[in-house]
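Q: Given next are the chains, with one letter for each unit.
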Amino acid sequence: MIYLQILVNSILLGGMYAAIAVGFSLVWGVMNILNILHGTFLMLGGYLTFWLFHLYGVDPFLSLPLSAAAMFCLGYLIQLGIINQVIRASFFMTLVLTFGLELIAVKLALFFWTGDFRSVQTAYAGYSFEVGGVIIPLMRLALFALGLLLTGGLFWFMAATRTGRAIRAVRIDLEAAQLMGVSPAKIYAVTYGLSAGLAGAAGALVSAGFAISPVTDIEFLAKSFVICVIGGLGNITGALAGGLVLGLVENFGALYFGPGLQNALGYGVLLLVLFIRPTGLLGKAGYH
Amino acid sequence: MFPQWTKNQWLALWLGIAVLVALPQFTDNDGTRMWMDILMYMILAMSWNFIGGLTGYPSFAPAAFFGLGAYTTAILMNQGAPFLVAMPLGGVVGATVALLLGIPILRLRGHYFAIATYGVAEGLRELAENLEITGAADGINLPQIEGTVDYFTQYFYYSMLAVAVLTVLTMYWVTRHRLGYGLVAIRENEDAAGMLGVEATKFKITAFVLSGIFPAMAGGVYAYRAAFVEPIDVFDVLLSIEAIVMAMLGGVGTVMGPLLGALFLELINNFLWSQFLEFHSLFLGLLMVLVVIFTPRGVMAVVQEVRMKGGLRALGGILLANTQRFKV
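Heads up: the protein sequence lines correspond to chains F and U, in order.
In the working numbering, each residue carries its 1-based index in the first sequence increased by 1067.
In the working numbering, each residue carries its 1-based index in the second sequence increased by 27.
Excised from the complex, chain F in its bound form (with noise of 0.2 Å):
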C-alpha cells in the first residue's frame, strides 16, 4: 500500500516538476542560453500571486494567467533589451549575464519583500482526497494538471501556430529562416517571454502549494537543470520524462536513505544520466 501512495506521489510531484521546467528547456533548446533567471521568473510569479491574493483576495487558479502574462512581457522586455545584445557571443557569456541579472533581481527582491517565507492560504490549500486507500493533496493534484497542461500546450503551440513554427524554424537555421523574413531578435524575444510566461503560471500554482521566499529562486533552478539533463534536450516531453524520473528517484530514495538526502540523490542522477547518455532520457540533437 506504501508503495503505491508513493507511486502516486512520485507521479503528481513529477508532473510538477515538469511544469517548473518546461519553460528552462524550450529557451536551452533553442537559444542555447542555459538560463539563470528561469527560478526568478517563478519566485517573482509566485510573488504576485502572493501579493494579489494577500491584498485583494484573488483566487491563485485566476492570478495564473494573470501572473504569465506578466512574466511574459517581463521576460520579451529582457531578451530584446538585454540578451539580443549579445547572443551570438560564447554560451558562457550569456551564463554570465542571466547570473547577473538573476543576483540583482534576487537581491531587490530580498530588500522590498525580505527573506520571510510566505505562502498562498487558500481554504482548500490543504485540502485533500482518497481513492481507493490513496490520499491525494488537491494542490499536488493541480499543480500535476498544469505540468501537464503547459507541456501538452506548448507541443501544441509549437507544432501548430506559426510563431511556433518560426521558433523551430530560427532554430534549425538561423539564415533560411530570415531569408523566409522571420526576425530572429523579435523570435527570440517571444521565446523567451514564452519560457518566463511557463514559469510565472507555474510559480503562481507553487506558491500556493509551498512557502516560497527570494532565495528558493535557486532551488526551482537546480530541479530544472536536474530535470532537463534526465529528460534531455530537443523534445519538449523531456521535461515531462525529467519530472517523472525526478519525482520517482526523491520519493523512493527518500524511503530508503532518509528524507534528507533526496537533493543529493538528484544531483548523482544528474551525473549519473551525465557520464551514462548526455543526451537524456529523450533527446535528440534539435530542437523539433
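Each hint should be verified, as a subset may be incorrect.
Taking CB as the label site, the calculated pair distances span [as the list claims (entries may be wrong)]:
#1 F:C1140 x U:N56: 48 to 54 Å
#2 U:N297 x F:F1178: 28 to 34 Å
#3 U:L193 x F:A1192: 54 to 60 Å
Taking lysine to any residue and the SDA-like style, the derived pairs with C-alpha atoms no more than 20 Å apart in a straight line are [claimed, not checked]:
#4 U:K336 x U:N349
#5 U:K229 x F:F1342
#6 U:K229 x U:L135
#7 F:K1253 x F:E1242
#8 F:K1174 x U:F303
#9 U:K354 x F:A1243
#10 F:K1253 x F:E1286
#11 U:K354 x F:L1144
#12 F:K1253 x F:I1239
#13 F:K1174 x U:K34
#14 F:K1174 x U:F306
#15 F:K1253 x F:R1238
#16 U:K354 x F:I1239
#17 F:K1174 x U:L313
#18 F:K1174 x U:H307
#19 F:K1253 x F:F1342
#20 F:K1174 x U:N349
#21 U:K34 x U:T197
#22 U:K354 x F:R1155
#23 U:K354 x F:N1099
#24 F:K1174 x U:I295
#25 F:K1174 x U:N297
Some chain U residues well away from chain F (every beta-carbon gap over 10 Å; in silico) [what the hints assert, rightly or not]:
#26 Q36
#27 G43
#28 L111
#29 E156
#30 Q181
#31 M222
#32 G224
#33 I232
#34 A253
#35 N297
#36 P323
#37 Q331
#38 A348
#39 F353
Derived from the structure by calculation, the hints contain no laboratory data.
Note that beta-carbon positions come from the ideal geometry of N, C-alpha and C, so glycine has one too.
Add chain U to chain F, keeping to what the hints say.
A: Just chain U, lined up with the frame of chain F:
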C-alpha cells in the same frame, strides 16, 4: 602565445611577493585579514583559470574543492593531525576528487560540463548537510589556534600567502610548458588539437586537478581560521561565481589577469561591505551584466585595443562597438 617573462616582470613579481611578506609589519590585524581574503580570492580565480581560462571548460567546481579542503582539514585536525599536515592533505583530497571526477566529467562540453560541475558542488553540499562525519547541518568546530591575536592573524596570512605563491608559480610554469600550449589548443579547437597529437583527455584532467588542488588548500586555511565549517558557507556557489568574474575582469587565460581581477573586485567589495552591507551582491550582479555587454571578449581585450588606438579617448567608441559585435 606566452612569452618568457622579462627580467623586469620577474622583478615585479618578487617585489610584489616581498611587499606581501612584509605587509603585516605595516598594517594592523584588520588590514592583514583583508589582504588574506584578497589572497584567497586570488587563489580561487587563478585556479579557475587552469580549467576555465586556459582550457575553456566553464567550471562551477571551485566551491566544491574549497569545501572539500575545508572539511578534510577540519576532520583531520579533530583527529589530532597538525594543521601543516591536514591542510596539504586537503589539497591531496581535492586533487584526487578532481582526478576521479575529471575522467567522466571532462567528456562533456559546454553547458553540460557547467551543469555537471554545478551538480558536483551542490551534491557535495547536500551530502555534507546530511552525513554524520561532516556534522550534518550543524557543521564542525576545529581546534582553536593558541597564541596572541597578532600571532595567529599572521600565521593564517602567511599560510594563505604560501598557497597563493605556489599557485602563481604553477600557473607560470604551466603556461610556459607543453601543457599550457596544449590546453590553449584544446580551448581553440579540441578536435584539431587531438589531430596534432595533443592528448586531450590527459591534458584536460591535469588542468582540472590543478584547478582543484589549490582551492582545497585555501579552504583548509579558511577552516582553521574560522575554527568552524558549515556546508552553506564553504560550498557556497558564490565562491565559484566570484572566482569566474574575477578571472573575466582581469583577463581569462592570462597569468597575471586573475590576480588583478581578484585584487580589484575584493577592494571594491571591501569598500561596499563597509559602506552598504546590503548591496554587495547587487553590485556583483550589475558588474557581471556590464562586463558581458560592454566587454564580451574580456576586459583585457579592451585594454589592448585602447592601447593600440591611442588612449582613453577611444574608449567610448570601443565599448560602443563591443555592444554591436554579438547582437542578433
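Q: All hints, please: hold or fail.
A: Structure-based check of all given hints:
1. A hinted range of 48 to 54 Å for the beta carbons of C1140 (chain F) and N56 (chain U) is consistent with their spacing of about 52 Å.
2. At about 21 Å, the CB distance of N297 (chain U) to F1178 (chain F) disagrees with the hint of 28 to 34 Å.
3. Our hint of 54 to 60 Å for L193 (chain U) and A1192 (chain F) holds, since their Cβ atoms are close to 56 Å apart.
4. Under the criterion of a C-alpha separation no larger than 20 Å, the hint pairing K336 (chain U) with N349 (chain U) is consistent with the structure, at around 14 Å.
5. Simply put, K229 (chain U) and F1342 (chain F) have alpha-carbon atoms about 18 Å apart, close enough for the 20 Å limit, and the pair holds.
6. Among the hinted pairs, K229 (chain U) with L135 (chain U) is consistent with the structure: their alpha-carbon atoms are about 14 Å apart, no more than 20 Å.
7. About 15 Å separates the Cα atoms of K1253 (chain F) and E1242 (chain F), which keeps this hinted pair within 20 Å; it holds.
8. A hinted pair counts as satisfied when its Cα atoms are at most 20 Å apart, and K1174 (chain F) with F303 (chain U) qualifies at roughly 13 Å.
9. Restraint check for K354 (chain U) and A1243 (chain F): the C-alpha separation of about 18 Å stays at or below 20 Å, so the hint holds.
10. Under the criterion of a C-alpha separation no larger than 20 Å, the hint pairing K1253 (chain F) with E1286 (chain F) is inconsistent with the structure, at around 30 Å.
11. Between K354 (chain U) and L1144 (chain F) the CA atoms are separated by roughly 15 Å; this keeps the pair inside 20 Å, and the hint holds.
12. Taking the CA atoms of K1253 (chain F) and I1239 (chain F), the gap is about 16 Å. The hint holds against a cut of 20 Å.
13. Only pairs whose Cα atoms come within 20 Å are accepted, and K1174 (chain F) paired with K34 (chain U) is rejected, the gap being roughly 47 Å.
14. For the hint linking K1174 (chain F) to F306 (chain U), the alpha-carbon distance of about 7 Å falls within 20 Å, and the restraint holds.
15. This hinted pair checks out: K1253 (chain F) and R1238 (chain F) have alpha carbons roughly 13 Å apart, not beyond 20 Å.
16. Between the alpha carbons of K354 (chain U) and I1239 (chain F) the distance comes to roughly 19 Å, so the proposed pair stays at or under 20 Å and holds.
17. Restraint check for K1174 (chain F) and L313 (chain U): satisfied, since their Cα atoms lie roughly 11 Å apart, inside the 20 Å limit.
18. For the hint linking K1174 (chain F) to H307 (chain U), the alpha-carbon distance of about 9 Å falls within 20 Å, and the restraint holds.
19. For the given pair, K1253 (chain F) sits about 36 Å from F1342 (chain F) by alpha-carbon distance, which is inconsistent with the 20 Å threshold.
20. Proximity of K1174 (chain F) to N349 (chain U) is assessed by CA-CA distance (about 28 Å); at most 20 Å being required, the pair is judged violated.
21. For the hint pairing K34 (chain U) with T197 (chain U), the CA-to-CA distance comes to about 18 Å; that is within 20 Å, so the pair holds.
22. Note on K354 (chain U) and R1155 (chain F): the hinted pairing holds, with a Cα-Cα distance of about 6 Å set against a maximum of 20 Å.
23. Simply put, K354 (chain U) and N1099 (chain F) have alpha-carbon atoms about 15 Å apart, close enough for the 20 Å limit, and the pair holds.
24. Taken as a hint, the K1174 (chain F) and I295 (chain U) pair is honoured in the structure, with Cα atoms around 18 Å apart against an allowance of 20 Å.
25. The straight-line distance between the Cα atoms of K1174 (chain F) and N297 (chain U) is roughly 18 Å, inside the 20 Å bound, and the hint therefore holds.
26. With a least CB separation of 29 Å from chain F, Q36 (chain U) remains clear of the 10 Å interface cut-off, as annotated.
27. Here G43 (chain U) stays apart from chain F, with its beta-carbon at least about 28 Å from theirs, past the 10 Å limit.
28. Its beta-carbon lying about 32 Å from the closest one in chain F, L111 (chain U) satisfies the requirement of being farther than 10 Å from that chain.
29. For E156 (chain U), the condition that its CB be more than 10 Å from all CB atoms of chain F is violated, with the nearest at approximately 7 Å.
30. Every beta carbon of chain F lies more than 10 Å from that of Q181 (chain U), the smallest distance being close to 34 Å; the non-interface claim holds.
31. Every Cβ of chain F is farther than 10 Å from the Cβ of M222 (chain U); the closest lies at roughly 23 Å, confirming the non-interface assignment.
32. Every Cβ of chain F is farther than 10 Å from the Cβ of G224 (chain U); the closest lies at roughly 26 Å, confirming the non-interface assignment.
33. Taking the minimum C-beta to C-beta distance to chain F, about 15 Å, the non-interface status of I232 (chain U) holds against the 10 Å cut.
34. Non-interface call for A253 (chain U) relative to chain F: holds, since the shortest CB-CB distance, roughly 22 Å, exceeds 10 Å.
35. Every CB of chain F lies more than 10 Å from the CB of N297 (chain U), the least distance being 18 Å, so the non-interface label holds.
36. Listed as outside the interface, P323 (chain U) is inconsistent with that label: its C-beta sits roughly 4 Å from the nearest C-beta of chain F, within the 10 Å cut-off.
37. With a least CB separation of 18 Å from chain F, Q331 (chain U) remains clear of the 10 Å interface cut-off, as annotated.
38. Listed as a non-interface residue, A348 (chain U) keeps its Cβ farther than 10 Å from every Cβ of chain F; the least gap is roughly 13 Å.
39. A beta-carbon of chain F comes within 10 Å of the beta-carbon of F353 (chain U); the shortest separation is about 4 Å.
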